[in-house]
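Enquirer: So the sequence lines, in the order shown, correspond to chains A and B. Residue 1 is where the first sequence starts when you use the working numbering, and the numbers rise one by one after that. Residue 782 is where the second sequence starts when you use the working numbering, and the numbers rise one by one after that.
What the hints contain is simulated information worked out from the structure, not anything from laboratory work. There may be inaccurate statements among the hints.
[To be verified] Derived list of chain B stretches under chain A, where covered just means 3 residues or more per stretch with a C-beta under 8 Å from a C-beta of chain A:
id : stretch
1  : 812 to 826
2  : 830 to 837
3  : 849 to 857
4  : 953 to 962
Ideal placement from N, C-alpha and C gives every residue a C-beta, glycine not left out.
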Amino acid sequence: MKRVLALAWLAVVLAAGVHLALRLHHGLPLRTDLASLLPRDENDPALRRANEAVTRSLSRRVFVLVGHKDRDTARQAAVAITQSLQSSKAIDILPNASRERFQEFGAAFFAYRRGLLSNADRQRLLEGRPETIAARAQAQIFGFISLADSALLRADPFLLMPAFLASLPLPTSRVVVDDGLLTVVDDDSVWILVVGRLNGEPMELDLQDRLDATLSAAIGTQRNKAPGLEVLRLGAVFFAHAGAQVSLEETATLGLASTVGTVVLILVVFRALTPLMLSVLAIGIGVGAGLSATLLMFGELHVASLLFGVSLIGVAADYTLYYSAEVFAADAGPPQVRLARIMPGITMGLITTVVGYAMLLLAPFPGLKQVAVFSVVGLVACYLTVVLWLPLLDRSRPAAHGARMLALAMMLWRFWDAPRWRSVRRISFAILIALGILGAMRLTVEDDIRRMQAVSPRLVSEQMRFQQLVGLTAGAQFFVVKGADHEAALRQEEELLDRLSVLRKEGALVAYRAPASFVPSAQRQHANRALLRERLETPLLASHLAALGLPESELRLADDRTLTIPDATSIPVLSDFIGDLVLPDMNNGAVHIVLLEGVRNVDMVRAAVADIDGVRLVDPASDFSSLLARYRHRALVLTGVSAVVVVGLVMARFGLIGGLRVMLPSLMALVLAPLLKAIWGSPFTFFDAMALVLVLSISVDYAIFCAESTFEHRPVTLLAVWLTMVSTLLSFGLLALSDTMAVHAFGMTMLLGVALAFVLAPLAAPAQRPATGHDNGGGEA
Amino acid sequence: MRWLSYVVAALVLVLGGDGPAPAQSPGMAAGDVMRGRFVQERHLKGFNQPLKSEGAFVLVAGRGLIWRVERPFEVTTVITAAGLVQEVNGSETTRLSATRVPGLARLYDMLGGALTGDWRALESQFLVQRRNDTGSWHVVLAPRADASTATLPLKSIVVRGRQFVDDVRLEKPDGDTDVIVFANQVLSRGPLSPAEAGLLAHAAK
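Please model the complete structure; the sequences and the hints are all you need to start from.
Expert: As structure tokens, this is what we get:
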């Protein structure tokens with residue numbers, strides 16, 4: 001029978017393996033975008049596409065700012081750095097706003113000029129001040145050195161076109177074109193801006209390395225030539241590179257420490273490697289089965305779900321350790337007997353853990369659902385592997401070298417048991433409670449993802465200077481504008497732009513760029529032509545021409561042509577400016593993007609446009625932060641719910657009082673871990689909440705094992721619990737050493753929670769004494 | 782807008798009275814003020830007659846230039862290190878910040894050099910041909926083919942003068958020509974009138 005079940009399980013494992021192999025053949029369908037973590041009902045496909053398009057195009061932007069006191073030095077260095085970058089093929093350098101390009105730009109608009117007015121000129125005509133426009137034109141013509149030549153004056157006698165072109169949001173407001181290079185001048189330096197687009201995704205490690213190596217070398221060469229040269233970098237790729245370096249170093253050191261520590265632990269304790277092999281086998285099957293099931297159910301997997309799912313399955317490593325530790329029992333017996341002894345404990349542990357994890361399914365968040373499916377299936381697979389396969393695979397015999405370890409492990413139980421420690425126990429509890437209260441007073445929460453990532457301080461300061469000089473930021477906020485067609489979207493944008501121009505004057509943001517900045521709606525162009533005709537030409541054209549001495553027959557006015565979005569995107573030089581702001585055809589209407597630069601006050605921007613239909617502000621960083629806040633909240637609530645459910649299950653087995661006793665260590669660990677962590681000002685995050693999910697299941701396992709243990713078996717039980725705790729700390733607790741706040745938070749909460757759960761675990765056992773034992777009050781509370 | 786700075790540089794250079802003859806003493810020092818009158822004629826293709834304007838200018842070394850058209854109507858252009866401001870009848874019609882037109886800011890570097898006989902800045906952009914006759918001189922500035930000015934809508938600048946500049950002629954490629962004739966230049970260290978100081982201060986804001 002045992003063999004039949006083992007073979008049946010093998011068939012299931014093989015089937016899952018084949019399914020995985022087929023799915024992974026085309027690459028693991030991992031999602032990395034944040035939108036897919038949102039609850040489905042909030043997951044608007046247009047918004048999602050807009051989000052992906054903008055995020056992709058923004059994340060591939062690369063800016064380098066080269067500055068020196070001397071203009072020519074700065075320019076030469078910038079050109080040399082540009083050339084190295086170009087030849088590395090890591091990025092494409094965007095064409096500069098050369099004079100030719102600017103002329104092309106003007107030429108593209110020229111035929112449509114009668115419908116194009118700068119906002120200021122439109123305002124002048126609306127307010128009935130056409131003479132100011134005529135006066136400006138005459139001042140430019142008669143004043144000091146005029147650019148307006150005869151060809152321009154005959155086509156545009158009021159010089160409205162130069163005013164329109166000057167009002168366009170070209171790159172950013174503070175950057176100017178100086179001899180073909182984008183230039184910013186500050187108090188004592190000239191800065192040249194190099195703009196590039198990454199030839200790939202910012203997360204590609206080899207691309208990061210190539211860009212970094214090329215840029216560092218080029219900067220080094222130029223610095224040697226020109227001391228005092230400053231170079232500032234801006235772009236997701238630089239942050240990704242710095243982050244990847246930190247996490248690679250950490251993965252190397254923490255991963256090595258964890259692996260070496262676990263191997264040493266098992267070698268020292270068991271003097272054999274079999275337990276390690278069995279753990280690896282069980283976990284491997286668990287991860288594979290979890291992955292297969294998640295892909296089967298969801299068709300895809302988010303990378304965050306994968307990471308947390310794998311972590312949660314880590315609990316299953318404990319099952320093999322519980323099993324393996326049985327070799328130290330005085331009456332160890334053959335593998336099947338050893339398994340039988342831990343069966344009640346691991347079965348109860350599995351049920352409570354699975355129920356706990358399954359609670360995550362109740363969340364409407366796809367991310368948590370995937371974590372739940374992944375970890376529940378994975379855990380059950382681990383459990384089945386341990387139960388069905390381990391006794392068949394295990395050849396280890398009862399070990400005789402455990403006496404001293406067993407005695408050491410028992411010291412903890414004695415501490416909770418022996419009458420002479422009673423006062424010490426009371427003082428310890430008092431101290432724990434006092435620390436908990438202190439922590440509760442200092443408890444804060446944190447959801448800002450920007451503070452949870454490992455970010456190089458140097459890059460942050462470069463980014464800040466960049467922002468001061470140019471007004472560019474790494475992650476930009478943007479609006480998504482949805483309309484029935486392009487015209488509708490353009491009209492909505494015009495309403496939006498009117499409000500944004502007020503906000504810019506108030507300093508809430510530095511600049512913005514919308515399709516409607518370049519292509520006014522047909523409605524607006526029509527109105528502009530009417531204004532031009534009725535309010536400017538009818539009253540003033542004749543006298544203006546007379547003042548200039550330009551015969552009307554020489555005029556070359558344009559016809560009434562309307563510039564549309566399809567027109568504009570088909571003109572290359574205009575497409576460069578608005579191509580990335582107009583999403584490719586959507587079935588149901590047009591989707592436009594309005595990019596914002598240098599937003600200082602998101603709330604002001606959000607509030608000012610709240611009532612415009614079809615316009616939605618997207619602020620990737622703060623949207624992600626609020627998403628994290630909701631996930632944190634949800635994870636915490638579900639931990640509470642699953643704790644309540646687990647209490648019920650435990651009471652069903654151990655009775656009312658016994659159940660409470662079993663839950664006591666868990667509940668204390670759950671409450672105290674975040675509070676103790678808060679004592680030194682460490683805030684509570686989503687990652688702490690996820691650690692608590694794990695702490696709950698691990699601590700309940702510890703307690704159940706202690707509660708299930710017979711008095712004679714207590715040393716072996718406690719040794720097994722100690723082993724699982726140390727291995728858990730080696731795999732998760734070490735993460736507390738990470739410099740990345742998210743990882744550190746997860747690790748620290750695990751460290752505190754698991755350590756507390758272990759120390760308090762003996763409290764779960766009933767005051768059980770051998771017939772000849774002395775009376776001592778049992779589990780203290 | 783860049784070419785404007787070169788034209789201004791060339792103009793102010795010659796207005797400053799420091800002709801290209803190396804023997805001449807350096808022209809204006811900080812605080813020197815040159816005043817004079819001008820007549821500008823713009824010959825534009827297709828126009829009935831040249832657009833003619835006349836007025837007065839004040840060049841203040843180290844501070845800026847006031848170019849005041851009096852006829853056919855009043856237009857005042859003030860250029861300082863901060864940028865260019867144009868006013869019609871006292872109300873501002875155009876303001877170009879030097880941060881938007883870096884050439885304007887750099888103009889003063891070029892001026893500083895040129896006024897003390899250093900032509901390098903201009904020579905990097907223009908082919909400079911000079912001819913000295915008895916009592917007068919003649920300079921032709923042509924954009925260099927390889928310089929950034931090569932793309933300017935400007936064929937050449939011809940400057941003629943004696944002690945000070947007499948006239949400047951700007952030839953544009955499509956046949957338009959601007960001619961500026963100067964008269965009554967006076968170099969002094971005299972203080973600025975409150976109105977002049979006010980214009981410069983306003984433009985420098």
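Enquirer: Hint by hint, say whether it matches the structure.
Expert: Going down the list of hints, with the structure as the test:
1. 812 to 826: n = 4 at 8 Å, threshold three: holds.
2. 830 to 837: holds (count 3)
3. 849 to 857: It holds, with 4 qualifying residues against the three required.
4. 953 to 962: holds (count 5)
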